[in-house]
Amino acid sequence: MKSVLNSRPHLSVLGLLTLALGACSSERSSPAALRAQATAPSEWIRGIDVSEARGAEAAGVQFRDRDGTVKPALQLVTDHGYNWVRVRLMVDPDGRYGLLQDLPYVKAVMQDAKGRGLKVLLDLHYSHWWTDPGNQWTPSRWAGQDVNTLASSVYSYTKDVITGLRAQGTAPDMVQIGNEINGGMLWENGRIANMANFVKLTNAGANAVRDASGGKATMPPIMVHLAKTGDAAQTVAWYQAFINAGGWVDTIGLSYYPMWHGDFSGLGSTISALRSNFPWAKVYLAETAFYWDQNQGGYTNLPYPQTPQGQYDYLKALTPVVRNAGGSGIFYWGAFWSQSSRWLMAPDWTDDDASRRSLFDDAARATVGIDGLN
18 MKSVLNSRPH LSVLGLLTLA LGACSSERSS PAALRAQATA PSEWIRGIDV
68 SEARGAEAAG VQFRDRDGTV KPALQLVTDH GYNWVRVRLM VDPDGRYGLL
118 QDLPYVKAVM QDAKGRGLKV LLDLHYSHWW TDPGNQWTPS RWAGQDVNTL
168 ASSVYSYTKD VITGLRAQGT APDMVQIGNE INGGMLWENG RIANMANFVK
218 LTNAGANAVR DASGGKATMP PIMVHLAKTG DAAQTVAWYQ AFINAGGWVD
268 TIGLSYYPMW HGDFSGLGST ISALRSNFPW AKVYLAETAF YWDQNQGGYT
318 NLPYPQTPQG QYDYLKALTP VVRNAGGSGI FYWGAFWSQS SRWLMAPDWT
368 DDDASRRSLF DDAARATVGI DGLN
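Residue 50 in the working numbering is what sits at position 33 of the sequence shown, and the numbering runs on without skipping anything.
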């Protein structure tokens, strides 16, 4: 996640992989390791995460276009030229802390999106809670399972999800197996210190997507998503270790937030390095955002003013950085995080920093930033 929480753990866990990476470096050119399983999209992705939108609307938020016209959230998405949406899916969320996205919720979002001609990146969190480099907690339904049983649970759950989505005519167009999985997923079994266990779990999800989709020829590509640190060598090393351990990855997703992940030069060099080392894997920014109003997290290292125009300028500058480095698209995170007092039950959170990065202001009216991605 990108968060709402104020800390961002780094990829320091990669230190645990140093010896293993040295041993496997000779495998980098292995054809088996460097082959995508599914075909990535051909178009440039201009994407937006809509995970909160349906819940906000159900709570009474009326999203407005730049001219003040009230419109359905996903109509605003299409009216402003986005071609993809992203939506997270949680395992047994309780509805608090913005985590509304159970399977019926996601099915409804995908029906809306597909009905408007939008493609969908399905973000499987495999948790009841936000997942990010510091949080990858196993949901209670799978608590206490050993790694083999847990892999079986991941497979069955994922296959049921994809089967259900396909049955209603809304198959996803790309699937994330985990979210910001720098340190692994489904802790404790899936911590990255045990790469074999971690890969067993991620591959269980990928295999389920394949099987539920009728095979490799008809399946959506699998994205593996990290919260990027701006260190190109470490990011490449992470993916190389994952691939060398047999991990399935078709496309690479990165989170990039300037207050946590450095400047544009670090982003560009990371994307370029990933494309050079893994030329078969398209690279996307799966998450980014910038402030239209003063942040509530105390961040001072921001490259643009925290204003609607600053938000727009950030996005206008970001797109050519990603394109020129060889990236293939960008998704904006938290776009509909507006009027959260109506829909967000989060008694332990001390700020609402995510609302300052929305593409809608406190009146739920679109900021100029909604047109910043090009």
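One or more hints might be untrue.
Subject to a maximum C-alpha distance of 35 Å in a straight line, what follows is the list of computed DSBU-like cross-link-like pairs (lysine-lysine) [what the hints assert, rightly or not]:
(1) Lys233 / Lys217
(2) Lys176 / Lys124
(3) Lys124 / Lys136
(4) Lys217 / Lys333
(5) Lys217 / Lys131
(6) Lys233 / Lys88
(7) Lys136 / Lys176
(8) Lys131 / Lys233
(9) Lys131 / Lys88
(10) Lys136 / Lys217
(11) Lys88 / Lys124
(12) Lys176 / Lys333
(13) Lys124 / Lys233
(14) Lys217 / Lys176
(15) Lys88 / Lys136
(16) Lys124 / Lys217
(17) Lys217 / Lys88
(18) Lys176 / Lys131
(19) Lys176 / Lys233
(20) Lys333 / Lys131
Bear in mind the hints are in silico, worked out from the structure with no lab data behind them.
Hint by hint, here is what the structure shows:
1. Lys233 / Lys217: holds, 19 Å
2. Lys176 / Lys124: The hint holds at about 15 Å.
3. Lys124 / Lys136: Answer holds: Lys124 to Lys136 is near 14 Å, not above 35 Å.
4. Lys217 / Lys333: Roughly 40 Å between the alpha carbons, so the hint for Lys217 and Lys333 is violated.
5. Lys217 / Lys131: This hinted pair holds, its Cα atoms lying about 32 Å apart.
6. Lys233 / Lys88: violated, 38 Å
7. Lys136 / Lys176: Measuring from Cα to Cα gives roughly 20 Å; hence the hint holds.
8. Lys131 / Lys233: holds, 22 Å
9. Lys131 / Lys88: Status holds; Cα separation ~17 Å.
10. Lys136 / Lys217: With a Cα-Cα distance of about 28 Å, the restraint between Lys136 and Lys217 holds, given a limit of 35 Å.
11. Lys88 / Lys124: holds, 21 Å
12. Lys176 / Lys333: With a Cα-Cα distance of about 39 Å, the restraint between Lys176 and Lys333 is violated, given a limit of 35 Å.
13. Lys124 / Lys233: Roughly 23 Å separates the two Cα atoms, so the pair holds.
14. Lys217 / Lys176: Judged against 35 Å, a Cα distance of about 16 Å means the pair holds.
15. Lys88 / Lys136: Holds: Lys88 and Lys136 sit about 20 Å apart, inside 35 Å.
16. Lys124 / Lys217: holds, 27 Å
17. Lys217 / Lys88: Given that 35 Å is the threshold and the Cα spacing comes to 44 Å, the pair is violated.
18. Lys176 / Lys131: Holds, at roughly 20 Å.
19. Lys176 / Lys233: holds, 14 Å
20. Lys333 / Lys131: holds, 27 Å
In this structure, the hints that do not hold are numbers 4, 6, 12, 17, in rising order.
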